[in-house]
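J.: With the hints in hand, could you dock these two chains into one complex?
Chain by chain, the residues run as shown.
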Amino acid sequence: MLGVLARIPLFLAYRRFGWPQLLPLNITISPSPKCNSRCLTCNIWMKRENELSLDEWEKVLASLGTTPYWFTISGGEPLMYPGIVELAQLVYKYNKPGIINIPTNAILTSGPARVRRILETCPDTQLVINLSLDGVGQKHDLIRGVPGNFEKFEERLAQYYELRDEFPNLTVGIHSVISVFSVNHLDELIDYADESAADQFITEIAEPRIELDTVGLPITPEPEDYARAIDRLMDYVESKQFKGLAKITEAFRMEYYKLVKQILDEEEQTIDCYAGWASAQIYADGTVWPCCVRADNLGNLRESNYDFRKIWFGDAIKQVRRSIANKECHCPLANAAYTNMLHDIPTLARVGTKVIKPDAITGNKSTKITENRSA
Amino acid sequence: MSFNWLNRFQQEMNKPADYAEKTLAAYKLGMKAKGSIAGVQIRIDPDGCEQCRTLDPDAIYHPDEAPHLPLPHCDRATRCQCVYRPVMTYQIQDET
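Line by line, the protein sequences give chains A and B.
First residue of the first sequence? That's 1 in my numbering, and the numbers climb one at a time after it.
First residue of the second sequence? That's 1001 in my numbering, and the numbers climb one at a time after it.
If you're looking for bench data, these hints aren't it; they were derived computationally from the structure.
Values in this document were obtained by computation on a predicted structure and should not be read as measured data.
Certain hints may be false.
Calculated lysine-lysine pairs in the DSS-like style (CA-CA distance at most 30 Å, straight line) [said to hold, decoys possible]:
| id | chain 1 | residue 1 | chain 2 | residue 2 |
| --- | --- | --- | --- | --- |
| 1 | B | K1022 | A | K310 |
| 2 | A | K152 | B | K1028 |
| 3 | A | K243 | A | K261 |
| 4 | B | K1028 | A | K34 |
| 5 | A | K357 | B | K1022 |
| 6 | A | K34 | B | K1015 |
| 7 | A | K327 | B | K1015 |
| 8 | A | K59 | B | K1034 |
| 9 | B | K1015 | A | K152 |
| 10 | A | K152 | B | K1034 |
| 11 | A | K310 | A | K34 |
| 12 | B | K1022 | A | K34 |
Isolated chain B (complex conformation) (with noise of 0.2 Å):
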């Protein structure tokens, strides 16, 4: 895929306190307008904390049901480099 710098640089960024709520408060409304949103992922840091790689990385939750970044006791806080993925019905389809 295209591009593949913006997926390092992004989990590189700070997280903003708000990061879990505001981003899956998006994702929520999205599936509630019918967009073309199906849930969301959470890309694992291979590096990260023990917590988060015990996370199952194909798994695609609800927005209300997806664990929030940082998870609670990352080592790494802020500078977590889990992040979430909306998931978008079209991949789905494409998968099956």
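With the rest of the complex left out, here is chain A (with noise of 0.2 Å):
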């Protein structure tokens, strides 16, 4: 973590002059879309791609070093891609990342038993596993699309449960999608969380995205409506209490909320994006995007000797990060609004004053949402 810190300084100067030049320290990739769920929100689980195979996979990763911190396996739902354990410990084996994070709808049985194989030989990372929770009972089932989702749901969170007792490694998070269907019981989906015995419970704001089909459908809250939704989630975080690294992950969460709102109200970049600098997606068929939202086609990894440098460094991104530092796109995409809020030197300000400040992000009440872990 402290060499992510170090280079905060350089993906500045590399934003803003181009040097020195840097490979992401976030990274997404997703083998595949293919999904079981239907969700309302979401139509990656409809498309077909030529997919990379693993020895694709092992080259390109090969290619991108030890820099990423951070990598996302995302999807389609990811635990169904057949290669998905050795395709972590790919990533575990070139670019021993800080922190692997697979989401997933917790639909498939064999989950479990394929996280347990990719905790038995990633042992130096954290390997977050996060569940999707839309509503607690049969309204989750419908925004996903699958009857006996939350059955299941509660089946799987005990399962990963067992495994976090079995591996220090693995962190057990609920994530739930703020759209339009569930913007009004968030209070349900907090209520549930907290009675949980989850590691974490963070949001995402429901956005038209290019890599989901999802441009022109009405998905994304009101902002009046998100803003009471997450004004009330807020309100819990700040009635408890943080230690260690949770109270420095909260900070930022807090931030995040924040800052969504604050998008969806002035409907501009509020604070400068860094998707094609220090963050990037690599989509099932190698093409790399700087970011999902947009998916501008970097160029395709197939095309290019599997060398995600070559992209990165080559002259079509010119033109991609050109148009991002001109502000011509804005969202509250989390993944990079999470590496945006660490180069956005304000944001750093603040999350540190809440930490050091004693008496900040803490309450009277326990969580037991976030102090089963500190880390």
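T.: And the structure:
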């Protein structure tokens, strides 16, 4: 983590002056769009791609080196990907990231066994498994389009808790998408998460993304509806007590929630976006994107001898970087937003102040969510 | 609606050669697999070719019956700014 902090001034310079050239510290890879959910807020599951093979992924990951600190293996449903264990092992072998994050819809019964195999072979990275929950009971099933999904979610959650007891490098989280379909029952989700033994409860706003084929769909809550819901969540977080690393991560989460409100209100890139400099995504067919919202085709790794550097330091990306730097886009994409906040000095100052102040982000009620683990 | 910039951004993207086949095949699969997709609409470029301006902007097509983009004699070819959009069942229900 200290290595990440040390690189902040370098990324600031990279974005501003184009030098020094750096590989991203936050990489999302999505090996397959296939998914067994039928969410109202996502259409990626309909797509079929000429997916990279594991041999091809190995070459790509080898070209990335150990610069990326945060790896997300996304989907579709990542645990449905037949080579998910081997892919995670390749990430561990070549990239040695501090964190591997895998979101899951918690449907597959084989999910925990696959995660166990990853944990057994990747002991020196923090593995974060975030289980999607968009409603309690039938509300979840309705939004995710799968009858019985909530029941399966609860089964998997219990199984991941058992794994967590065995593997100290496993973090189990609950992740909710706040959409027009869920914004009015966020309170129920907060209460559910509070009663759970999850290590973290995180939310992300539903937004149009080219990756998900949701451009133009009315899935994003109105700003005032989102603000009302997220203020409730922020009040909840403020009422809790956090220690150690959890205090820092919760301070960033509070900043993220405020940032989303600001972006919805102002409809502009309110802090500099580092997608295309510090964060990137590699899609199933080997196309490199700055992010999944714009999904600009920066180049395909199959046509670049599987060398990520050829694309990242090539010519096609320059025009996209100019567009992002000129604030031609704005979005609250969480994965990019946390990287952006890390490179925003005012945000860092506010987080630092909150963490240092003894009464900041503390309250008189203990939390089950974030005190289960301080890291 | 939030993030309107993305509508224009997507329209201005260069289309790959298999844009129509791939997009419509995905929607067809979505309908077959009982997703919440009800059909496909074409968001028409207001400054587009004569042909696209004859299309009905409110028409909802089955993926098998949707016109292929770019339209056959579109002078912008892969720079055609008409795009497919999935139509979801909840959008239709909201309208009725």
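J.: Quick one: which hint numbers does this structure break? Sort them smallest to largest.
T.: Numbers 5, 8, 9, in rising order.
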